[in-house]
Amino acid sequence: MEDIRIEHLSKDFGGFTAVDDVSLEIRSGELFSFLGPSGCGKTTLLRMIAGFEIPKTGRILIGNQDITELPPYQRQVNTIFQNYSLFPHMTLFDNVAFGLRIKRTAKMEIIEKVRYMLSLVKMEDQSSKYPDQISGGQKQRIAIARALINDPKVLLLDEPLAALDLKLRQHMLIELMNIHDAVGITFIYVTHDQGEAMSISDRVAVMSRGQIIQQGPPDDIYERPTSIFSAYFIGETNLISGEVTGIEDEYVQVKCDNGAGEFFEIDSTFHFHPNIGQKLTLSLRPEKIAVSRFKPRHQDDINILRGVIEDILYLGSHTQYIVRVGKLKFRVFSQHKRVYFDEKALDWEESVWLFWHDTDTWLIAEEVDENGRNQDFSTEAPYHRALKRSSPGSE
Amino acid sequence: MNKQHGYLNLSEQKQQKKLNLQSWILTAPAMLWLTFFFLVPYLIVIIYSFLTPDIYDIRFEFSLESYRQIFSGTYLRPFLISFRMAFLTTILCLLLAYPVAYFIARSKEKTRNTLLVFIIIPFWTNLIIRIFSWRIFLATNGVLNDILMQFGLISAPLQIMRTDLAVGLVMVYVYLPYMILPLYSVIEKIDFTLLNAAMDLGANEVKAFFRVTLPLSVTGIFAGSILVFIPALGAYLITQLVGNQKSLYIGQVITYKIKNIPRNWPMASALSLTLLLIVTLLLVGAYLLWLHNKKRKF
Ligand SMILES: Nc1ncnc2c1ncn2[C@@H]1O[C@H](COP(=O)(O)OP(=O)(O)O)[C@@H](O)[C@H]1O
Ligand SMILES: [Mg+2]
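Top to bottom, those sequences are chains E and Z. What the first sequence shows, in the numbering used here, is residues 1 to 395, in sequence order. What the second sequence shows, in the numbering used here, is residues 1001 to 1298, in sequence order.
With the rest of the complex left out, here is chain Z:
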């Protein structure tokens, strides 16, 4: 009646205002929390990255020295080995997780839940404890070497601990569930009669997989890769506890800048921000790619 197309009448406007107020009140605690414990600290980090280091603390003098060093390539190596490791971890996780997720998604409803619990069980143990058990397992006189020697497969113990191999192994172990779960949730939703349809149209099992199942699980692959790649990129605990000190990862470098005297807060801040920037650019790039593919659709 008095409601015109595209406009809200008076009572509706009031209602809208009320709704707005309600949503403000409801989201306020979360907003405050994020402002004080996320936004403000980040601002501090950004400010710090433009200041001058002191032995223990900082001096409030503007300086671009940290960024100059970063962009002149001083820290290229830790960045590169971190990216390489994160990349390899992601690929390995994907290759290992896909069959597992597929198997779980295709098993009976009851078994599925049991299997999922097995995937989640490791989360119940503290990460540090799990890494330490890997140390015991991989050590020169550790479980793995004992077993291999027992069976006469090797004559002298293998030096796995404190190598990049150890870092890789533990990374894959720690981040594997983050790949399995998103993959599972996507594969589980695939209508498997589509595979029947593909085979009906002449595709054998392999072709049906590559033309139907795999394309339909792309969002899961994407989500899982992000969930693995980003934490693997900044990993500190794993690299510190099983890696060697000669090839430092970026997480370790940042920590040392704060831990070791003379401290260099600005450098640590600048390195963190650079890492953040790279990750953000990667994500935005990936998102744009995804949008582009989606646009074809609409």
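For reference, chain E alone in the conformation it holds in the complex:
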């Protein structure tokens, strides 16, 4: 099979390292994403695979062929550019036919193939229009047809949906997956939007500062982040510093300082072997925590904390509570399911219980900086309002 192997790839721009010793293996036919914040080197990595940048060190192989130094026009790789880059002086038909005309394909074959490609992207009835006469989503489709007509082994997509509005984005995402299924080639998808990467990818590589932080299937990265960065960048999470005080079967006890000179203990599962006394970080997703004004029945494998509600934010599909426990603040998502919680709505300053299953706490073998900040992000309590807003007319 024609797997892609990237070996120790690095790229400098005048002393600034944009891509830093990246090694990857992408399987043939996979839909693989590079996910990371803007400026982390995703585009640069993609451009090296496409042939627009020559790496400082490292190799890129497709199957057994080393393509590191090949010019773009000799690679069986095609790109969907961030702004589509359709040729404004050509009709949509001519845009799609471009690659075949360069190869001097026979006229009849061109017509046939372009028709097929246009129907694949559902644009068959607009072939005589020009790019400035169609919408963003349609340009996107043409760009895909124009790339796929060349039978590439790999299709590179650089933030292809960034310019579209939300509904269209969701729609195109599904469409891209369908097209991927239809053509069966490898897609490499670049995005800074974790939602996109999560929903579309077979596997994701999380990038930061030119490096790959973690790679794996989306659920793996979400549920089992190996670094503070992946936990923080993907989805929402609560990060709590702690120290290992005991290990028992598949659980560890972690002692956490709540900042007010008090300590509480959290049980957690783990994916590495921590030592007693080791300082590390707990990641706890807001949607895994239950919040209630009634104390839950004690169970061995449940963590229970008592706190006070500091902020309530209604978000439609769920409500976000900020709950203060000592000096720590927890972000909690609660879905509106009356079947589960048939109680009066929680209010500001109300004292509540937080509880969650031990297996929902996740241990990360990294420490948050002393002042609670890493360079990339802050683990400080989420921003929230200081006071309850009085609703007009209620007083």
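There's no promise every hint is true.
As the list claims (entries may be wrong) - No farther apart than 30 Å at their CA atoms in a straight line, the calculated lysine-lysine pairs in the DSS-like style are these:
1) Z:Lys1108 with E:Lys56
2) Z:Lys1110 with E:Lys103
3) E:Lys153 with Z:Lys1207
4) Z:Lys1110 with E:Lys56
5) E:Lys107 with Z:Lys1207
6) E:Lys56 with Z:Lys1018
Said to hold, decoys possible - Here are some chain E residues pointing at chain Z (derived, C-beta under 10 Å):
7) Ala50
8) Pro71
9) Val77
10) Met90
11) Ala106
12) Met172
13) Phe272
14) Ile276
Said to hold, decoys possible - Calculated from the model, a selection of chain E residues having no Cβ within reach of chain Z, i.e. all distances over 12 Å:
15) Asp94
16) Asn95
17) Leu313
These are calculated hints, taken from the structure and not from any lab test. Built from N, CA and C at the ideal position, the CB exists for glycine as well.
Could you slot chain Z with the ligands onto chain E? The hints should help.
Chain Z with the ligands alone, transformed into the frame defined by chain E:
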């Protein structure tokens, strides 16, 4: 409410009238200027071309003699050599200007402005002075010949001055900026990721240039060619100062008809109008061609 589709209500009509009046007042000076110093003189030229020449002046007798001579081919040669020279100048300017404009458009923003100033600098010197310096440069005992002889590349001085070669050289030199600037302004606007896209789709650098960059700079090529071709066609100063008197260009012929005694105002007028007519036809033709291409698009 009371505004019906396609009609303006009363207050809007008033406003429209006011706007019309305003625009009339604002454009009036320019209109008057053009009427008195452009339209009226042209009318005079048109009238003159149908009159009879006198030794110094004209006689007000209707005559088609000038046009008869022109259309019987008496002045075919000056027209032909003028067109040939204008054509060659345009082509040469295009070939020289394109790489320059491309280079400027692709250089960094700061360097770009500096380079553009270099292109414009020649405009700060009077045209006649610049032509005279070419005379000094090209003369039999001039700078160019001195240098070539010094290096032993030639044994006897070359006769470049007073040849069509000299006219061509100076024309290209004088009109080159008129080609560079419009080309630059078009190339500068081309999205260069389109070249990446072309190469991504299998085109090497040469194919990408001919299929993407060149077609996208067509409007610049067009504008530049018009800006060079038309003045080159009627050029008088250059042909007079560095050309030879045996092959007269149309600009020179027209001037001589007025300058030399017996004067022939009608002939000069008719020749000017013929030149104008040809240029206008060329422009209209080009415009129609452009419209035709554009229509494909909409
Ligand atoms: N041609 C270039 N010259 C200099 N710096 C560059 C160039 N291309 C990218 N960079 C820098 O490299 C870093 C990574 O850029 P990029 O790969 O575009 O990031 P991303 O696509 O993840 O947003 C950025 O800091 C950017 O400023
Ligand atoms: Mg990018």
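Now for the hints, and whether the structure bears them out:
For the hint pairing Z:Lys1108 with E:Lys56, the CA-to-CA distance comes to about 24 Å; that is within 30 Å, so the pair holds. This hinted pair does not check out: Z:Lys1110 and E:Lys103 have alpha carbons roughly 39 Å apart, beyond 30 Å. For the hint pairing E:Lys153 with Z:Lys1207, the CA-to-CA distance comes to about 23 Å; that is within 30 Å, so the pair holds. Restraint check for Z:Lys1110 and E:Lys56: the C-alpha separation of about 28 Å stays at or below 30 Å, so the hint holds.
Taking the CA atoms of E:Lys107 and Z:Lys1207, the gap is about 19 Å. The hint holds against a cut of 30 Å. Straight-line distance between C-alpha atoms of E:Lys56 and Z:Lys1018 comes to about 68 Å, which puts the hinted pair past the 30 Å bound. Proximity of E:Ala50 to chain Z holds as hinted, the smallest CB-CB distance being about 6 Å (cut-off 10 Å). With a cut of 10 Å, the hint placing E:Pro71 at the interface with chain Z holds, because the nearest CB-to-CB distance is about 7 Å.
Hint status for E:Val77 relative to chain Z: holds, with the closest Cβ pair at about 8 Å, below 10 Å. Contact between E:Met90 and chain Z, as hinted, is supported at the beta carbon level, the nearest pair being about 8 Å apart and thus within 10 Å. Interface hint at E:Ala106: violated, since its Cβ lies 16 Å from the closest Cβ of chain Z, which is beyond the 10 Å cut-off. For E:Met172, the interface hint is violated, since its Cβ never comes within 10 Å of a Cβ in chain Z; the closest pair sits about 19 Å apart.
With its C-beta approaching chain Z no nearer than about 42 Å, E:Phe272 sits outside the 10 Å limit, and its interface hint is violated. This hint is violated: E:Ile276 has a C-beta 56 Å from the nearest C-beta of chain Z, more than the 10 Å allowed. With a least CB separation of 10 Å from chain Z, E:Asp94 falls inside the 12 Å interface cut-off, contrary to its annotation. Non-interface call for E:Asn95 relative to chain Z: violated, since the shortest CB-CB distance, roughly 9 Å, does not exceed 12 Å.
With a least beta-carbon separation of about 41 Å from chain Z, E:Leu313 lies farther than 12 Å from that chain, consistent with its non-interface assignment.
Hint violations for this structure: numbers 2, 6, 11, 12, 13, 14, 15, 16, all remaining hints satisfied.
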